[in-house]
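Chemist: Next come the chains, spelled out residue by residue.
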Amino acid sequence: LKIFSIELQNYRQYRNAKVELSTDDRKNFTIIQGPNGAGKTNLMNAITWCLYGVEPSLSQNSTSFERANGSVFGSLGDEDTLDVRVRMTLGDSKPEYLFDRKESYWKHGKKAEDIVINQARTVMYLDGYDWKNHPYPNSLVNRVLPEGVSGFFFFDGERLDEFFKAESSKKVREALLDVSQVTVLDNALGRLDGLKDDLRRSAKGLNSQADTILEQIETSKKEFGEEQKHMRELDAQRTTTLKLIAEIDERLKNSPRENVQILGKERDSLNLDVAGLQEELSRAEDRLNEALLEFAPLIYAKSALDFAFKEIEKRYKTGELPPKIREEYLNDLLKQGKCICGTDISAAGDPRQNVEKQLHASLFSDIDDKIRVGRFELGEMRKKTPGYLKVTNELGSKMAKDSETIRRKGERLKEISEILSKYDEEEIQRLESDRLRFEVQRDKLNQDIGLAKGDIDRRRSEIAGLETQHKNELRKSAKFVVVQAQVDMCQKAINALEEIKRAIVDEIRHIIEAKTKQYFLSLMWKKNTFVDVKIDENYSLSVMHRGGWNALGILSAGERQLLALSFMAALKEVSGFHFPVVIDTPLGRIAKEPKDNVAESLPRYLEGTQVTMLMTDQEYTESVRKRMSPRIGKELSLVYDEIKDETKVIKFAG
Amino acid sequence: LPVEDWPRNFSCDETNRNTYAELTDRNQTLSPFRGKEFADVFSVAMAIGFKMSNRIPLKKLAYNIPFSALKEREWLIDAIAIADAANLDILLDTPRVVRIVEEYANGGIERLKEIVFGGLPGDARKRIEAELMELLPP
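For the protein sequence lines, the chains are D and Y, in the order given. Residue numbers for the first sequence follow our numbering, so the first one is 1 and each next one is one higher. Residue numbers for the second sequence follow our numbering, so the first one is 655 and each next one is one higher.
FYI, nobody ran anything at the bench for these hints, they're computed from the structure. Incorrect hints may have been included.
Said to hold, decoys possible - Subject to a maximum C-alpha distance of 25 Å in a straight line, what follows is the list of computed PhoX-like cross-link-like pairs (lysine-lysine):
{"#": "1", "chain 1": "Y", "residue 1": "K725", "chain 2": "D", "residue 2": "K310"}
{"#": "2", "chain 1": "Y", "residue 1": "K725", "chain 2": "D", "residue 2": "K370"}
{"#": "3", "chain 1": "Y", "residue 1": "K690", "chain 2": "D", "residue 2": "K534"}
{"#": "4", "chain 1": "Y", "residue 1": "K780", "chain 2": "D", "residue 2": "K453"}
{"#": "5", "chain 1": "Y", "residue 1": "K725", "chain 2": "D", "residue 2": "K383"}
{"#": "6", "chain 1": "D", "residue 1": "K501", "chain 2": "D", "residue 2": "K515"}
{"#": "7", "chain 1": "Y", "residue 1": "K780", "chain 2": "D", "residue 2": "K390"}
{"#": "8", "chain 1": "D", "residue 1": "K476", "chain 2": "Y", "residue 2": "K714"}
{"#": "9", "chain 1": "D", "residue 1": "K409", "chain 2": "D", "residue 2": "K253"}
{"#": "10", "chain 1": "Y", "residue 1": "K780", "chain 2": "D", "residue 2": "K383"}
As the list claims (entries may be wrong) - According to the in silico footprint, chain Y covers these stretches of chain D (three or more CB under 8 Å from chain Y):
{"#": "11", "segment": "310 to 323"}
{"#": "12", "segment": "379 to 386"}
{"#": "13", "segment": "461 to 474"}
Cβ atoms here follow ideal geometry from the backbone N, Cα and C, with glycine treated the same way.
With the hints as constraints, model all of the structure from the sequences given.
Modeler: As structure tokens, this is what we get:
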């Protein structure tokens, strides 16, 4: 689908505007250029508001009242109403769908009040030459682009830089879950769990002990729900705290005092280094766990490996192995009492004993190949065992080195904080003191989250234990067999769905990893510095430096933005939805020369997709324009008139 | 069972099923086996049981360790059975091999549980690591 037009009526600074986007397949880019405050972000908000009724790029203190153009609303008479409307037409080769959202505001008394008296959303489709109301607007919206994945199609380039800063693995996980569209599985899992509870309840009264356990299960589940809610609250608080710290950091980095700027930037880079090193540490921990699983059985059972290996060798040396003569033939010789060479073997003695020995060896004929493999494998396992020392030493010394670097960087961070706390400007002192306060709050929250996770884990195993007890108790009553079979069936279905969910998300993770790598390495201007992008099973993303270490922590703001752009492009592609892409401030953080490279490469990766870029004049430079020109179908400018509080959309004049 | 025909699943004792689940629980921060398979726990438990010469017969079988996940450890299993029987001929009796290693794993799992959840100081991986270092030749 393509967006043909967006009409805005009294929507924020747009009184009456129509934006027509390029629908040319070869010239698939529309550039909308405008200074800060002209309404670039609000144009993107208008699209999401029209489709979903939400405006994700608003500041938190905005109210819906601000949606109505302030100056038009101000000019209304008492009791007058004002319609705010956004209308979009979409289609493949011509407009086929019309999405319209309207809100009516009522002016009551002298004081402007936020009174929405009417809200309406209409979706129409073209039937021949007639526009008709679509009977299922929600399902149509979900079919063309569900809200959950819309963030990979409409996004703020400026904020992309934040994506891989704090809590990046959490964001990667959320993005992968969104794009995997596993909500249907989550719903099914929730229902099955509910059904399991209902079935258990239906067995009430069969066994009083079981009923008591059932009550305990229900209480524990309630507690579990409360604990999960508490965990989510803590998590939200932590996110807010991290945002507050990031805001202070931005202010310090943009301080008019040069030395404060330098310290702010140094702290930023130190923090990123520490975060990167901590990720490295946790990866090394994982590798040590893997090594433990690999080597522990071999080391604990080393004497068994030695014994078995020697036993096989002995049999080979004495000629008992490999078996040479078939079992049936040797049995025949023993029965007849005559060896193949003519010797009498009817009576006990050395010749008969020799044939019996061969008969014993022949029992191994069926597993002859197996023993051959075992002889080799046992040898390999025995050789491998001392390798554990090497692995643990290497990882151990790397971890010690990383921990020491973290400690040193931590010391420097403390020094920076002390300098800023005593800085001879009150504002800087205040910012630093707030920052310290938020850091204490963050650490406390991290601790609380750790404890809350522990509580949740304990509760989960408590519930599992109680469920087993309940099952065992109910087995005592025959009537229960049917109910238990149904509960077991539910549990099997839950296990299977969880497995499917895990498999889907894992597969998507691998695809996103490969595509992010492909995009990032091609778009990156430093051609020989980075060699790989990885997303591990804990959703932690690393950018591998050619020296073999994770360089995520030391990427520049522009490089981080490029990484996020590559990740978004990968998510968009994997989502399977073919919807236009709108990027606000796409090149904001990227310096001049790389900006040109990105401008040249980006269209290649968004080939066949209608793309609208909302750019400032610093971004849309002459050289960016020149490089993108073969792909640009339309160029527009936003011109804001402050007195009239109105933005007009005009043709870009260059 | 004919020679080399392994059962589809190996067993742990019904009473230890939960221990396997707790040790491999993805959210279990104490366990170095978190997010791993029952077969990983079984392999380590079996080797620990053998090391301690602690073979405990299973009272009630819970067939929950697929052989497919133990396939790579086939010769470790065989080696333990050969060492236990002190004879290579044990390989001709697969059911006995299975029983021997299941009983060793049953003996070892208690120790493993104690190492991980026993409230001992330090983390479980490091405790096992220290034991392994003692066992390695200097």
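Chemist: Now tell me, hint by hint, if it's right for this structure.
Modeler: How the hints compare with the structure:
1. K725(Y) x K310(D): 22 Å, holds
2. K725(Y) x K370(D): 13 Å, holds
3. K690(Y) x K534(D): 21 Å, holds
4. K780(Y) x K453(D): Satisfied, since the Cα-Cα distance of roughly 23 Å is no more than 25 Å.
5. K725(Y) x K383(D): Measuring from Cα to Cα gives roughly 20 Å; hence the hint holds.
6. K501(D) x K515(D): 21 Å, holds
7. K780(Y) x K390(D): It holds: about 16 Å lies between the C-alpha atoms, which stays within 25 Å.
8. K476(D) x K714(Y): 17 Å, holds
9. K409(D) x K253(D): Distance of about 19 Å is within 25 Å: holds.
10. K780(Y) x K383(D): Holds, at roughly 23 Å.
11. 310 to 323: Three-residue rule met by the segment 310 to 323 of chain D, so holds; n is 3.
12. 379 to 386: As far as the segment 379 to 386 of chain D goes, the hint holds, because 3 residues have Cβ atoms under 8 Å from chain Y.
13. 461 to 474: That given contact holds, which follows from 4 residues of the segment 461 to 474 of chain D lying within Cβ reach (below 8 Å) of chain Y.
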